[in-house]
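2 protein chains.
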Amino acid sequence: MINNAPIGVFDSGIGGLTVVKEIMNQIPGEDIIYFGDTARLPYGSKSRKTVTTYTRQIVRFLMNKDVKAIVIACNTASAFALEAVKSEVDIPIIGVVKPGAKEAAKTTRNGRIGVIGTVGTIQSGIYNEILSKTNPMVKVFGKACPLFVPLVEEGLIDDPVTFEMAKRYISVLMDKDIDTLVLGCTHYPLLRKTIRKIVGEEIVLVNPAYETAKSLRDVLVDNGLINDSAHKPNHEFYVSDGAEKFRQFANTILPCEVKETTDINIEELG
Amino acid sequence: MINNAPIGVFDSGIGGLTVVKEIMNQIPGEDIIYFGDTARLPYGSKSRKTVTTYTRQIVRFLMNKDVKAIVIACNTASAFALEAVKSEVDIPIIGVVKPGAKEAAKTTRNGRIGVIGTVGTIQSGIYNEILSKTNPMVKVFGKACPLFVPLVEEGLIDDPVTFEMAKRYISVLMDKDIDTLVLGCTHYPLLRKTIRKIVGEEIVLVNPAYETAKSLRDVLVDNGLINDSAHKPNHEFYVSDGAEKFRQFANTILPCEVKETTDINIEELG
Chain L
20 MINNAPIGVF DSGIGGLTVV KEIMNQIPGE DIIYFGDTAR LPYGSKSRKT
70 VTTYTRQIVR FLMNKDVKAI VIACNTASAF ALEAVKSEVD IPIIGVVKPG
120 AKEAAKTTRN GRIGVIGTVG TIQSGIYNEI LSKTNPMVKV FGKACPLFVP
170 LVEEGLIDDP VTFEMAKRYI SVLMDKDIDT LVLGCTHYPL LRKTIRKIVG
220 EEIVLVNPAY ETAKSLRDVL VDNGLINDSA HKPNHEFYVS DGAEKFRQFA
270 NTILPCEVKE TTDINIEELG
Chain V
20 MINNAPIGVF DSGIGGLTVV KEIMNQIPGE DIIYFGDTAR LPYGSKSRKT
70 VTTYTRQIVR FLMNKDVKAI VIACNTASAF ALEAVKSEVD IPIIGVVKPG
120 AKEAAKTTRN GRIGVIGTVG TIQSGIYNEI LSKTNPMVKV FGKACPLFVP
170 LVEEGLIDDP VTFEMAKRYI SVLMDKDIDT LVLGCTHYPL LRKTIRKIVG
220 EEIVLVNPAY ETAKSLRDVL VDNGLINDSA HKPNHEFYVS DGAEKFRQFA
270 NTILPCEVKE TTDINIEELG
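Heads up: the protein sequence lines correspond to chains L and V, in order.
The first sequence begins at 20 in this note's numbering and counts up one residue at a time.
The second sequence begins at 20 in this note's numbering and counts up one residue at a time.
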């Protein structure tokens with residue numbers, strides 16, 4: 020039965036686990052196969068061509084695992100590669116950008132939306148593109164925050180250095196009088212508390228990870244793909260480097276215990 | 020004539036340009052072929068296995084360009100992969116660790132040496148291994164500084180945030196009463212001014228890039244490989260991603276103008 024097949028989820032590394040967490044919360048009956056491209060992370064500073072090549076390799080890996088749907092749980096890969104790979108597979112494939120953008124368009128009152136993300140995501144202009152289609156009246160202000168990912172990976176989640184960098188990055192958006200801020204990189208929800216301190220209580224923070232899990236559920240329902248078997252869901256984790264380090268980090272994020280992570284050579288497989 | 024052949028130099032990205040700069044200064048008659056693995060950088064957080072695989076691919080690329088000698092201008096790749104690839108090629112191949120370690124052993128007066136580097140370099144224990152062989156009396160204190168590379172790549176060379184992180188990283192070494200500090204990552208010489216502010220004037224900073232160029236000259240002389248033709252030296256630059264961005268950065272570092280940088284697919288070539 021195809022609706023009992025797993026969902027494939029991937030990211031350049033650990034950030035996509037924030038999306039996995041939301042999927043586990045919102046559609047707990049689904050099996051998940053996760054791939055983190057830890058050997059080649061980060062994607063955020065790399066070109067469209069390179070990120071698209073990597074995305075194709077990973078999609079092929081997940082297709083070989085007979086997944087019924089794929090989630091690109093990385094804003095940069097969603098921005099650069101989703102459209103290209105969509106036409107190459109015959110199962111539903113969604114990214115994190117559209118769900119986040121749609122929610123931001125619904126949320127804003129004054130039509131002024133800030134987006135923070137990697138250099139790749141911001142330079143791609145994808146949030147602006149999708150938001151303008153949804154509502155031509157909105158104004159989008161993007162800001163790349165290249166140090167956020169290394170700061171999170173260093174564990175400086177709640178630290179004066181992270182606060183200082185966040186203030187520099189986000190104050191230019193505050194000056195634009197935004198009322199909504201999209202956390203346009205899957206690492207950023209981990210900095211939510213620091214970001215909240217800077218933007219205050221009035222500004223709505225949109226977490227695309229949450230919206231993506233909602234969107235995935237809708238797609239599965241629409242396609243008759245919800246897993247309705249009575250079983251303990253199975254979660255498999257694969258990475259291209261540093262399986263044990265990944266496993267430990269995953270256990271600090273996910274609501275279930277990750278017992279095993281497998282190292283694979285994605286270049287050879289692709 | 021083999022002694023008119025170029026020298027191959029490589030790094031995970033831009034850091035190795037500090038070594039190229041020293042080679043250009045110290046052996047200006049040499050042709051150079053540089054490869055920066057910008058698609059897969061950084062190496063510093065990756066495993067021995069992955070870094071060795073990448074190093075092998077790049078060595079093969081340089082061998083196909085008929086280089087007469089190879090410099091691994093990256094501490095992490097030198098630490099993890101030099102010994103493995105040395106036996107696989109029939110030309111001289113040197114890393115940046117040994118030249119830096121030897122200089123530190125010569126310099127220290129109290130036998131207490133600090134080393135800063137990536138997680139990979141520090142965890143490998145390679146500086147300790149080589150320094151202990153050179154002089155069993157020295158004590159080596161290592162400290163990984165994972166945010167230094169992203170801070171340099173963000174251009175925050177002289178910035179309060181960089182100063183704060185440097186203070187945190189280096190103060191633990193100062194507490195050990197070191198009199199010599201090895202800048203064990205090719206990016207770090209770019210932070211020399213900030214590091215100098217923290218360590219004061221008394222501590223000697225060892226720059227392996229400088230020592231490596233000296234060591235390369237010795238190797239070329241010993242093997243009769245010095246380029247003695249009267250010609251304008253030729254420098255070629257290759258990267259695995261973002262050629263134009265690399266070219267611009269190279270022009271801020273090198274004493275000559277880099278007019279062209281070529282994008283290649285190192286995975287396919289390897």
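Since the hints were derived computationally from the structure, they do not count as laboratory data.
Incorrect hints may appear among the rest.
[Stated by the list, open to error] Pairs of lysine to aspartate or glutamate, EDC-like flavour, derived with a Cα cap of 20 Å:
id : chain 1 : residue 1 : chain 2 : residue 2
1  : L       : K186      : V       : D85
2  : V       : K186      : L       : E173
3  : V       : K68       : L       : E287
4  : L       : K186      : V       : D241
[To be verified] Quick look at which bits of chain L chain V covers, simulated, 3 or more residues with Cβ under 8 Å:
id : region
5  : 56-67
6  : 212-220
All C-beta atoms in this analysis are idealised placements derived from N, C-alpha and C, irrespective of residue type, glycine included.
Hint-by-hint comparison with the structure:
no.	hint	verdict
1	K186(L) <-> D85(V)	violated (50 Å)
2	K186(V) <-> E173(L)	holds (16 Å)
3	K68(V) <-> E287(L)	holds (14 Å)
4	K186(L) <-> D241(V)	violated (55 Å)
5	56-67	holds (count 6)
6	212-220	violated (count 0)
This entry does not satisfy hints 1, 4 and 6, going by the numbered hints stated previously.
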